[in-house]
Amino acid sequence: MNNLTTTRIFGALRSPITFSVLAGVLIGALFLVGTGADPIAAYEAVLTGSLGADGIGSTLTTGTSVLGMALALAIPLRAGLINLGGDGQMVLGGITAAVTGLYSPLPAPLTVVLALLAGMAAGALYAALAALCENHFGVPLLVSSLLLSYPAVSLASYLARYPLKEPGSSLPQTRSLPDGVALPAFGDSTVTWGLVLVVLAAAAYWFTDKRTAFGYEIRMTGLNARFAAYAGVERRGLTLKLMSVSGATAGLVGAIGVLSFPYRFVDGSLTAPGYTWTGLTAALLATAAPLGTLVASFFFAVLQVGGLAMERTTEVPRELTQVLQAIVIVFLAARLRFPSRWFNRRKEAV
Amino acid sequence: MFFDSDLLLSALRALTPILLAALGGAICERAGVFNIGLEGMMLMGCFTAVATSWFTGSPWLGVLAAALAAAAYSLILAVGTVTLRGDAVVLGVAMNLLAVGLTSFLLRTVFGVQGTFDDPSLAGLPLIGGLSPLAYLSWAAVAVAAVMLSRHVWGLRLRGVGEAPDAAATLGVSPAKYKYAAVLVSGVLCGLAGAQLALGNVTLFTENMTAGRGWIAVVAVMLGRALPLGVLLAALLFGLAEAAGFRLQGLGLPQQATDAAPYVVTLGALFLTTARRRRRIRPSSTGAAS
Numbered sequence: 117m118n119n120l121t122t123t124r125i126f127g128a129l130r131s132p133i134t135f136s137v138l139a140g141v142l143i144g145a146l147f148l149v150g151t152g153a154d155p156i157a158a159y160e161a162v163l164t165g166s167l168g169a170d171g172i173g174s175t176l177t178t179g180t181s182v183l184g185m186a187l188a189l190a191i192p193l194r195a196g197l198i199n200l201g202g203d204g205q206m207v208l209g210g211i212t213a214a215v216t217g218l219y220s221p222l223p224a225p226l227t228v229v230l231a232l233l234a235g236m237a238a239g240a241l242y243a244a245l246a247a248l249c250e251n252h253f254g255v256p257l258l259v260s261s262l263l264l265s266y267p268a269v270s271l272a273s274y275l276a277r278y279p280l281k282e283p284g285s286s287l288p289q290t291r292s293l294p295d296g297v298a299l300p301a302f303g304d305s306t307v308t309w310g311l312v313l314v315v316l317a318a319a320a321y322w323f324t325d326k327r328t329a330f331g332y333e334i335r336m337t338g339l340n341a342r343f344a345a346y347a348g349v350e351r352r353g354l355t356l357k358l359m360s361v362s363g364a365t366a367g368l369v370g371a372i373g374v375l376s377f378p379y380r381f382v383d384g385s386l387t388a389p390g391y392t393w394t395g396l397t398a399a400l401l402a403t404a405a406p407l408g409t410l411v412a413s414f415f416f417a418v419l420q421v422g423g424l425a426m427e428r429t430t431e432v433p434r435e436l437t438q439v440l441q442a443i444v445i446v447f448l449a450a451r452l453r454f455p456s457r458w459f460n461r462r463k464e465a466v
Numbered sequence: 078m079f080f081d082s083d084l085l086l087s088a089l090r091a092l093t094p095i096l097l098a099a100l101g102g103a104i105c106e107r108a109g110v111f112n113i114g115l116e117g118m119m120l121m122g123c124f125t126a127v128a129t130s131w132f133t134g135s136p137w138l139g140v141l142a143a144a145l146a147a148a149a150y151s152l153i154l155a156v157g158t159v160t161l162r163g164d165a166v167v168l169g170v171a172m173n174l175l176a177v178g179l180t181s182f183l184l185r186t187v188f189g190v191q192g193t194f195d196d197p198s199l200a201g202l203p204l205i206g207g208l209s210p211l212a213y214l215s216w217a218a219v220a221v222a223a224v225m226l227s228r229h230v231w232g233l234r235l236r237g238v239g240e241a242p243d244a245a246a247t248l249g250v251s252p253a254k255y256k257y258a259a260v261l262v263s264g265v266l267c268g269l270a271g272a273q274l275a276l277g278n279v280t281l282f283t284e285n286m287t288a289g290r291g292w293i294a295v296v297a298v299m300l301g302r303a304l305p306l307g308v309l310l311a312a313l314l315f316g317l318a319e320a321a322g323f324r325l326q327g328l329g330l331p332q333q334a335t336d337a338a339p340y341v342v343t344l345g346a347l348f349l350t351t352a353r354r355r356r357r358i359r360p361s362s363t364g365a366a367s
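Each protein sequence line maps, in turn, to chains C and R.
The first sequence begins at 117 in the working numbering and counts up by one.
The second sequence begins at 78 in the working numbering and counts up by one.
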């Protein structure tokens, strides 16, 4: 019994994920020492700042966007497809939701639903465009989705700065959405029903992945695309479907961002925090597994929000947490792990 | 006049960093390493160039340090993909992310500023005929790479390693050595690209100042079929798009439209060229199906 537990613990320690996270934290500590900070105090500030009473609301708000973008990237990643156009799809979702919210003649609650759906549709259509580029023009998805992202971000920026700009404001932002056109928040916090929506999306992803034939096809394609094609999975159709769902999820994140505080589209506010890249990191860390993506997203939201607290208390720049994230993935990508012999020797000693 | 010598000059300036990085990418591609970490390597070059130039007062040392730093950074890709057989796509994406975080972090800790480091005493590269020496170097590099890859035994072995590693190994050529060399060369070229961007085109460092140019370079490798001259033409197309964009901005077009222009033009060119030969793209190296 005792032996079994130790084997399990060592097994978990030897997994590339644990190793990568530990390595990231250790290298981060070296950076902290290098800048003259106390690593323990800094990491403590990260944890208390993100999970304490003052920070948890912020972590859950950030977590909403991170989890949403992580799902958007995880869904195609499960089939081995990388969607790098998250920024463009998210921003188009956001600006579409803003336009819908501003001009919809429907009553407020229906407008919210309509704005969410419109944002999802915009993201889905734009992502489908990238899929069509791969399917019909042979441009690799990785490249087409990324290149398409830039014009979309520029377009939304243009709209927010010129035609849709709030009159009289010096900020590049649209007018505020009408009263009631907003996702309800929990109590006084900034956490909205958006969190519930992305968690539901995660649950739907989990169900599809585990319990449906479609989910099996996706996973099979991810494990061995040729075998899946031989078994009758139509790759082009799958790419189009997965990218549409992925873009819809990214669009949903954008729409949630607009329908939450500050209840308008502000140029750069969706892209500047880097949700797309944090989401990609989380999805990669979890190898796109549904529950793992949820956990990894929470982990990175803690890092991102805690980084701000660390900056306040120890004056270490918050960019350190970005370094940490990337190091975790560098180690993971290289599939580094403890050599098994080292552990065997340790086990004998135990 | 819309087309004049100024436009050509600014196109040549815009093309230099892309060309250097894309040349590195092409050499990696020929050796069978898919390198999408060009963006990150360039960014490391930008920061090192600016920091070294500022502390030593010599832009030339800045260029040298940038090449060395980016080459050292490229070792992550070499060790990760060649020795540890990791996933090149994931590793490249992670390297780009790491470079953004690391350079922003260093900007804050070394210079104590956020966003942009811009100092009048920062020495940039001198101009010869309106272009930085690195621009001329980049054209020379195209010629050298073209001759090496088509004539010299090293280039032929490099291609052999990329096309049939097992056969190359049977003939006594070590694929790992050639792959390491290709990745290191791409690191040096990306470092030079970064130095050109931060000390040639402008004289400052801004967070994430490569702004997708590394990705354009990845596309230029595909467009140019990893041939040095093809890569030159592809980079020229991008340079013209960027220069024309600036010109149009001067004529009153909103900045957002001109910002997007190079990406749209690149994508358009990609459609036109890949549609005709898409069956010939090797899925294993482009990451289209992995």
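It cannot be assumed that every hint is accurate.
As the list claims (entries may be wrong) - Chain R is nowhere near these chain C residues, computed Cβ spacing over 12 Å in every case:
1) T151
2) L258
3) T403
4) L436
What the hints assert, rightly or not - Distance ranges between label pairs, derived from CB positions:
5) C:L146 / R:M225: 56 to 62 Å
6) R:R162 / C:T134: 16 to 22 Å
7) C:G168 / R:V156: 45 to 51 Å
8) R:D81 / C:L146: 50 to 56 Å
9) C:V315 / R:M225: 33 to 39 Å
10) R:V279 / C:P389: 25 to 31 Å
11) C:R124 / R:T160: 28 to 34 Å
12) C:F377 / R:A288: 26 to 32 Å
13) R:A220 / C:P378: 50 to 56 Å
14) R:R302 / C:T123: 47 to 53 Å
15) C:A169 / R:T160: 45 to 51 Å
16) C:R352 / R:D243: 28 to 34 Å
17) R:V279 / C:L146: 49 to 55 Å
None of these hints come from the bench; they were simulated from the model.
We put the CB at the ideal spot given by N, CA and C, even for glycine.
**Request:** Return the numbers of the hints above that this structure violates; sort them in rising order.
**Result:** Structure breaks hints 1, 2, 3, 4, 5, 7, 9 and 17.
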